[in-house]
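Engineer: Turn these sequences into a full structure, and let the hints guide you.
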Amino acid sequence: MDVKARDCVESKEEDHMELRRGPWTVEEDFKLIDYIATHGEGRWNSLARSAGLKRTGKSCRLRWLNYLRPDVRRGNITLEEQLLILELHSRWGNRWSKIAQHLPGRTDNEIKNYWRTRVQKHAKQLKCDVNSKQFKDTMRYLWMPRLVERIQAAAASNATSTTAPAASTTSTSVVGTGQTVFADDHLGGAQVTSSSYTLENSSTTATSSDSFGTHVSPMSDFADYYSSSNNNNPNPNCLQATQDQFSGNYYNYGMDFQSLEQSNTWLDTIDGSDNLFNVEDFYFLQQQFNFNM
DNA sequence: AAGCGGGGCAACCGCAGCGTG
DNA sequence: CCACGCTGCGGTTGCCCCGCT
Numbered sequence: 002m003d004v005k006a007r008d009c010v011e012s013k014e015e016d017h018m019e020l021r022r023g024p025w026t027v028e029e030d031f032k033l034i035d036y037i038a039t040h041g042e043g044r045w046n047s048l049a050r051s052a053g054l055k056r057t058g059k060s061c062r063l064r065w066l067n068y069l070r071p072d073v074r075r076g077n078i079t080l081e082e083q084l085l086i087l088e089l090h091s092r093w094g095n096r097w098s099k100i101a102q103h104l105p106g107r108t109d110n111e112i113k114n115y116w117r118t119r120v121q122k123h124a125k126q127l128k129c130d131v132n133s134k135q136f137k138d139t140m141r142y143l144w145m146p147r148l149v150e151r152i153q154a155a156a157a158s159n160a161t162s163t164t165a166p167a168a169s170t171t172s173t174s175v176v177g178t179g180q181t182v183f184a185d186d187h188l189g190g191a192q193v194t195s196s197s198y199t200l201e202n203s204s205t206t207a208t209s210s211d212s213f214g215t216h217v218s219p220m221s222d223f224a225d226y227y228s229s230s231n232n233n234n235p236n237p238n239c240l241q242a243t244q245d246q247f248s249g250n251y252y253n254y255g256m257d258f259q260s261l262e263q264s265n266t267w268l269d270t271i272d273g274s275d276n277l278f279n280v281e282d283f284y285f286l287q288q289q290f291n292f293n294m
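Each residue of the first sequence is one higher than the one before, counting from 2 in our numbering.
No lab work stands behind these hints, which were simulated from the structure alone. Owing to the predicted nature of the structure, the values given are computational and were not obtained by experimental measurement. Do not take every clue at face value.
List of simulated lysine to aspartate or glutamate pairs, DMTMM-like, C-alpha gap at most 20 Å [what the hints assert, rightly or not]:
id	residue 1	residue 2
1	K122	D138
2	K59	E42
3	K128	D109
4	K55	D72
Computed beta-carbon distance windows for the label pairs [as the list claims (entries may be wrong)]:
id	residue 1	residue 2	range
5	P71	S98	11 to 21 Å
6	G53	S98	26 to 36 Å
7	K125	A157	28 to 38 Å
8	T39	R96	26 to 36 Å
9	K122	R50	32 to 42 Å
Backbone N, C-alpha and C define an ideal beta-carbon position, used for all residues, glycine too.
Structural biologist: Shown next as structure tokens:
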């Protein structure tokens, strides 16, 4: 809950009524919740006035949709959700609201923040543009298969243990080996269309006990995509496809892995932190893309 | 312990689309 | 047809928190 309200009342010279800006207080939240519970949502400008909130209609709408709505999911973005976000973004780009429609309980703002803070960060670390072909190819042919790998591992762990992994949802099954998850426009969950693995009945049910604030699952960052041995990759076709597709190598695409090697922050950490690569991963990339180091 | 810097996220801003009078 | 208001979307900003030095 947002208890860090400050005295950020700002007056608009042209307005008689002072409009509040900045973080919402608990009292404001209750007002909005109570009013919507009684009168429903919509017509936000009149709602704001009728509810006695010194906020713009847009602010009320945003607060409701992104935070107060009862079906808003709080907590870690699951592996399946990460995979879906990557896939859907590769199809639709920055169409956050459209992407959010396929992640029940997740808001466009949340997904947008996830993308900007997590995905773009790694693009920056790779010194390539997040919209560049090489970065998209890296996502599709490296990160996403590795993510599927982790989903499979989590599913297998679920099957053999009564203790569920932290980042796993309950009813996901990953079938076969392959490349790409697609979320059809009419689907709420991920399904496979043109590849050899599938996500069936991908559950996006809230784990609900999570505290406020969305956090990416600590076991599911991009660093994980590189953290296991190449030998364990269940998707050899994917990597083969990668090499088939790119006769060149990623270094030639402009990915500055040499500078990564020279960067201590990249290679010194093997503890599963937020770094994209560790030493093992570096050799993995080297092998897969014929880097000349 | 204090200062600093970056990450992460809530909230704001500007714009476009749509409906209505 | 036009003006106006409302809504929704994507981009951006502000600031708290936390780790590092």
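Engineer: Hints numbered earlier in the text: which of these fail when held up against the supplied structure?
Structural biologist: 3, 4
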